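Protein chains in written order, with my numbering: chain A, 1 to 307; chain B, 1001 to 1307; chain C, 2001 to 2307; chain D, 3001 to 3307.
These are computed hints drawn from the structure, not numbers from a lab.
Because the structure is a prediction, the values reported are computed rather than measured.
Restricting the straight-line Cα-Cα distance to at most 27 Å, the calculated cross-link-like pairs of lysine-lysine (DSSO-like) are:
(1) A/K254 - B/K1273
(2) D/K3039 - D/K3084
(3) C/K2259 - D/K3254
If you want a taste of the chain A side facing chain B, the calculated C-beta under 10 Å gives, among others:
(4) N103
(5) I106
(6) P108
(7) V226
(8) V227
(9) T236
(10) A241
(11) G245
(12) K273
C-beta: ideal position from N, C-alpha, C; glycine also.
4 protein chains.
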Amino acid sequence: MGRSIYTDLALESREMNPRIDGVEEINERDGEISITRIKITADEAAKKLDKQKGSYITLDAPELVNRPLDLFEAMSKCLCKEIKLMIPKLGENASIMITGLGNRMITPDSLGPRVAEQVYVTRHITEYMPDAMDHPLRSVCSVAPGVLGVTGVETSEIVRGIVEHVKPDLIIAIDSLAARRASRISTMIQLTDTGISPGSGVGNTRAGLTLESLGVPVMAIGVPLVVYASTVAQDTIELMADETGLHNDEERLKALAEKVISEHMGPMIMTPKDIDSMVGDMSRIIADGINLAIHDMNYDEVKALIA
Amino acid sequence: MGRSIYTDLALESREMNPRIDGVEEINERDGEISITRIKITADEAAKKLDKQKGSYITLDAPELVNRPLDLFEAMSKCLCKEIKLMIPKLGENASIMITGLGNRMITPDSLGPRVAEQVYVTRHITEYMPDAMDHPLRSVCSVAPGVLGVTGVETSEIVRGIVEHVKPDLIIAIDSLAARRASRISTMIQLTDTGISPGSGVGNTRAGLTLESLGVPVMAIGVPLVVYASTVAQDTIELMADETGLHNDEERLKALAEKVISEHMGPMIMTPKDIDSMVGDMSRIIADGINLAIHDMNYDEVKALIA
Amino acid sequence: MGRSIYTDLALESREMNPRIDGVEEINERDGEISITRIKITADEAAKKLDKQKGSYITLDAPELVNRPLDLFEAMSKCLCKEIKLMIPKLGENASIMITGLGNRMITPDSLGPRVAEQVYVTRHITEYMPDAMDHPLRSVCSVAPGVLGVTGVETSEIVRGIVEHVKPDLIIAIDSLAARRASRISTMIQLTDTGISPGSGVGNTRAGLTLESLGVPVMAIGVPLVVYASTVAQDTIELMADETGLHNDEERLKALAEKVISEHMGPMIMTPKDIDSMVGDMSRIIADGINLAIHDMNYDEVKALIA
Amino acid sequence: MGRSIYTDLALESREMNPRIDGVEEINERDGEISITRIKITADEAAKKLDKQKGSYITLDAPELVNRPLDLFEAMSKCLCKEIKLMIPKLGENASIMITGLGNRMITPDSLGPRVAEQVYVTRHITEYMPDAMDHPLRSVCSVAPGVLGVTGVETSEIVRGIVEHVKPDLIIAIDSLAARRASRISTMIQLTDTGISPGSGVGNTRAGLTLESLGVPVMAIGVPLVVYASTVAQDTIELMADETGLHNDEERLKALAEKVISEHMGPMIMTPKDIDSMVGDMSRIIADGINLAIHDMNYDEVKALIA
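Let the hints inform the model, and build the full structure from the sequences given.
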């Protein structure tokens, strides 16, 4: 039954399966931000957690919903640090391709395209007018390939086509994520070296973007921005089942779940009312973090450049 | 316990209380649109249904979510007919004030302001350049007073202030509504002669706009655009309770409900992923319907005028 | 002929009429910002400059177009200082009404409504839950009355209606302005104690908002965001006339101007391509400045509160 | 000097060079729409007109600015007819790639991306679930590659990368155009079989998209949405020169032009105030026209599908 409780967060998968082997977890703090490092090392664990083997870092700051500017800046800097730790040492001439996944016209799915817009691109300058830069910059480009339902082309096909021309040394993919708990919405950033898994993201329509499929290492950065209504129903039902010992009757529970979901929910998502501003905030935080990590500049330099 | 299942739709309140006196219900069809006329005649019934005494007409067309243009036009024309039936016979010189409630910057709450933008206003023409019109037009103005959290002023205060200057003969208020069932989102239009009740609307922050409070008759037109997550949880729990006979233990159910809601939901709303385009569609349908009803023109004349 | 060169900036009117009596001008610097204080003291001068008698302060920072964050903050703080100097000493219980003029749906005319959205309103808190505030706050409300073409009601009528209920001690009106020179677009903030003059603003459709018309002192804050195409043509023609001695033939020049304007321009406006982001920047700068000036808090406190 | 009078419209280039060989022009009417067919057959003419050899069809309807719905539909149907005439007979299984050029975040440059969003894509259906379609549909996909300044990658590189995977039989590129005359803004659609020329479009930053560069025939559809301020100045100055016989002094005219442009304009564009709604209208008209032309359906079927 757990299958129908969906989350893109390794941290939540781990919570649901606390006692399995092949998973390492480390917890740290950086001011108001709590950092969780989960490493999935065994195939068995990957299967149980429904996540690829690899590293998942979560930056968690519940205070973000109150929108204090200094915490925005702290998150950007913390994200910058983690990106630098995760990316293979990149040389001066390394080229990076930012890839914003999702649908710009659907608010909770627009994180990726919005970050892509705000990243400070340099590839055209480094290629066509290298002398224009006062200090050396890494070559960065940024694309938003769109979603299958709007383009008619698998995102992975479009990305592969661009990759073959741009030949980046690293891809950083940004995506909106689905969480299990509403309390996680817009309070977390997840960073992973496993790329984008097929079926992840808001709407579960993503094709995979991975080292295997693209031939380039793919770092993925995501923010939980929705909870599927079906997850809520499933959770509620299981909770009730615990309370009522109904677990004896799996069949009946399944039927109940289907009844609730079909009657009340269809393909609904749960978001806070002010999701519009939350996506705006998180896209700025992530764009700032990426700009800081890729170009060795201070916060205001970058803000000035990308604005 | 039903208290925490919230709906702005008289039709849904009625469904939850099918067998009470002081309520008349008539069902009709107009092509793909099913029309339900509910009249609450007794105070007792009004209390039970948590709705003001008066008439509530619902236009229901589940096919709307598939966005066929001809159904959009049919809904506009049907809404037009119902508005004409409901409004007291208005003279040539009658003046009407459209009032778009809600927050333009929060997608599911932006229906009112969007309709207000699209209504064909004539008051400035009829007042300052009556000769400019090729055929006589009723005097129509249109305002979007904003929401308390953004303006710091009760919507009703702002509306009253404008009313005292504009002195309209009728107010038509447009608002986003909360439904109990997700299947109702963006498939229905509710029309009522009772005005806006305090605490209704997305976010429940509305102050009342009624004949009593404003001294002008108020017709209200709304569309269900969200379901409160707490409603879903409550519904799910009650359903489980029915299945498990847990109803014997009211206390335990209450505790459960609170646990689920606080853990999973906070002040979440449930919407379809493509709520952005749905609000756009419904605002156009309602603006067209109002324009048709107020100015005696055909569809294309009005579309041309308001575009 | 100068009549058809239109500007809302007292500073530009002054430039065009440098040698007239009844005008005082003081120039200062505050870091990258140059401050110009123009005081029109004589009726004759007011008539010549086509501006009301009173004080006009211009904050000018051409670097703004490059969008450095630290300059944004410096502008907000400088604006804050000037607002504090200009407003009559307001008591603890003074109430202020922000009024955002213009059309939210027309990019270069949306400054006012955008500032109104971002101002930190407190009136509802100070009125209904005074204990909720950790430190005392002035009572602030914020409205966006819309434009005549969309509402059908004179903006001044709507504002008067609200004023009669809210009874503020001061109104701060925000508006998009038209400049003579493109180089001024989005690089200046004009502050005046004369309120809003009839016919000013983008589209020249504003009705006046002044102490005389509302019975409340009105401070106006504006940013030049467009140049009328007719202004450009007129300027060009006069320049050519200077060069060619054509000034002898007034009639011919008039004819030429009309030919150019009707053939090439109609009611066109000139803006930079990225006006969308410029309006976004300036609205944030002004909202921050107002919040700082009204509530005695530091920059981050306010940013956190209003975000 | 004419160099600095810029237009993307073959019709305007032709007006400026009426008496040259190697150009055929045919004029027709279709209701309110006047159709101009210009064919550039000689290299010399192409050089003089600064346009590629090939066919340019202009659909002109000044009434569009008044936004009558029936004219919108007429334009869509007329565009449909012209597309069908221009495209090589495409077989049942022909695949078409719509390419929306320009910057979605800059209003007058957002035509292409907006059309791309509204085109009815079928490639994913025809490829992955052919049985889902009730009647056979051509394979259509739709991409918005973004602009160099935002992505850091030449649009042509991105398009080439996608083309190599999608292997379309035809590309239809949509773009915002610059006109010489303000009266043309949002009243015309230009259709050409020459593809996109380097340096065309709003901002002149386009790289070429042609049969030569992509190996696929490219049809281009554009709408004039801006006039460059420099064009206005240049026009005005030449007009004055005609009037004053100043043409004797080329040098002095050049100097004047530069003075005017640098003093008044910078890189300004001229648009109507309500450009936002105009781009919305034209993108719908073009998307409808394309959908009608590619899929043999009637107007309402297509509207329903794409809505």
